[in-house]
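Participant: Take a look at the letters that make up each chain.
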Amino acid sequence: MKRFLTAIGATLMAIPLAALLLSACNQLGSPQTAQQKVFAAGTVYETAVKAALVYVNLPRCITPKVQPCSEPGVVDEIKKADNVAFAALTQAKAVVTDPTKTASVANAAAASVESALIVFNAVLVQYRIGT
Amino acid sequence: MNYANFAMTLVTQILPLIPGVVKGVGGAIDAFTHGTGLLHTIVAENREPTPEEWDAWSGRIAAAHDALQKA
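Those sequence lines, one after another, are chains A and B. Residue 1 is where the first sequence starts when you use the working numbering, and the numbers rise one by one after that. Residue 1 is where the second sequence starts when you use the working numbering, and the numbers rise one by one after that.
Accuracy of the hints is not assured; some may be wrong.
What the hints assert, rightly or not - Below 30 angstroms or equal to it, Euclidean Cα-Cα: the simulated DSSO-like pairs (lysine-lysine) are:
| # | chain 1 | residue 1 | chain 2 | residue 2 |
| --- | --- | --- | --- | --- |
| 1 | A | K65 | A | K80 |
| 2 | A | K80 | B | K70 |
| 3 | B | K70 | A | K79 |
| 4 | A | K79 | A | K65 |
Please keep in mind that the hints were generated in silico from the structure rather than gathered at the bench.
Take these sequences, add in the hints, and give me the full structure.
Facilitator: Structural data, given as structure tokens:
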């Protein structure tokens, strides 16, 4: 019974997390500058990671499969996408907080980190985590 | 539709009924609400994040990253 309820919970959980991520840009106070955009991207990233952790922390699937469980291959894909997003965030933060960088370089860094987050979220969506 | 309100309604009214799932979801919601609150303040004050705020930001995303990679 508990397992059944947990499975239902995982399904229900997926709906609001997707909604949260979809609405993040609107809810983050309309960041204007490159620094604010990267700062906002960090919040979206942290939220997406916390959502992914719900899935990743499930016991790995074995045969015969006992639900709920996390597929090892899916976990690997999530971790790869996370590495890319984290690296992009770290690099973007370094750029936008560097006073020697021009505004156009800072804006490009902010745009690149948003692209990385889109990819990360797309991985989660692909595997129906947070969708 | 206001997705955030819709989401928060689901989270606050439905998910607490289901033990075991709430903890993980709560982490995501906490991260979201904390980040949005701080950024609202920064934008409203028309300023850039302070070095201290950036340090905290770096700590949070690094912790999230490490947790996921080690899970």
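Participant: Hint check: K65/A vs K80/A, CA-CA at most 30 angstroms. Holds or violated?
Facilitator: It holds: about 24 angstroms lies between the C-alpha atoms, which stays within 30 angstroms.
Participant: Assess, step by step, whether the Cα of K70/B is no farther than 30 angstroms from the Cα of K79/A, and give holds or violated.
Facilitator: holds, 9 angstroms
Participant: Would you mind confirming whether the straight-line C-alpha gap from K79/A to K65/A stays at or under 30 angstroms?
Facilitator: holds, 22 angstroms
Participant: Would you mind confirming whether the straight-line C-alpha gap from K80/A to K70/B stays at or under 30 angstroms?
Facilitator: Satisfied, since the Cα-Cα distance of roughly 12 angstroms is no more than 30 angstroms.
In this structure, none of the earlier numbered hints is contradicted; all agree with it.
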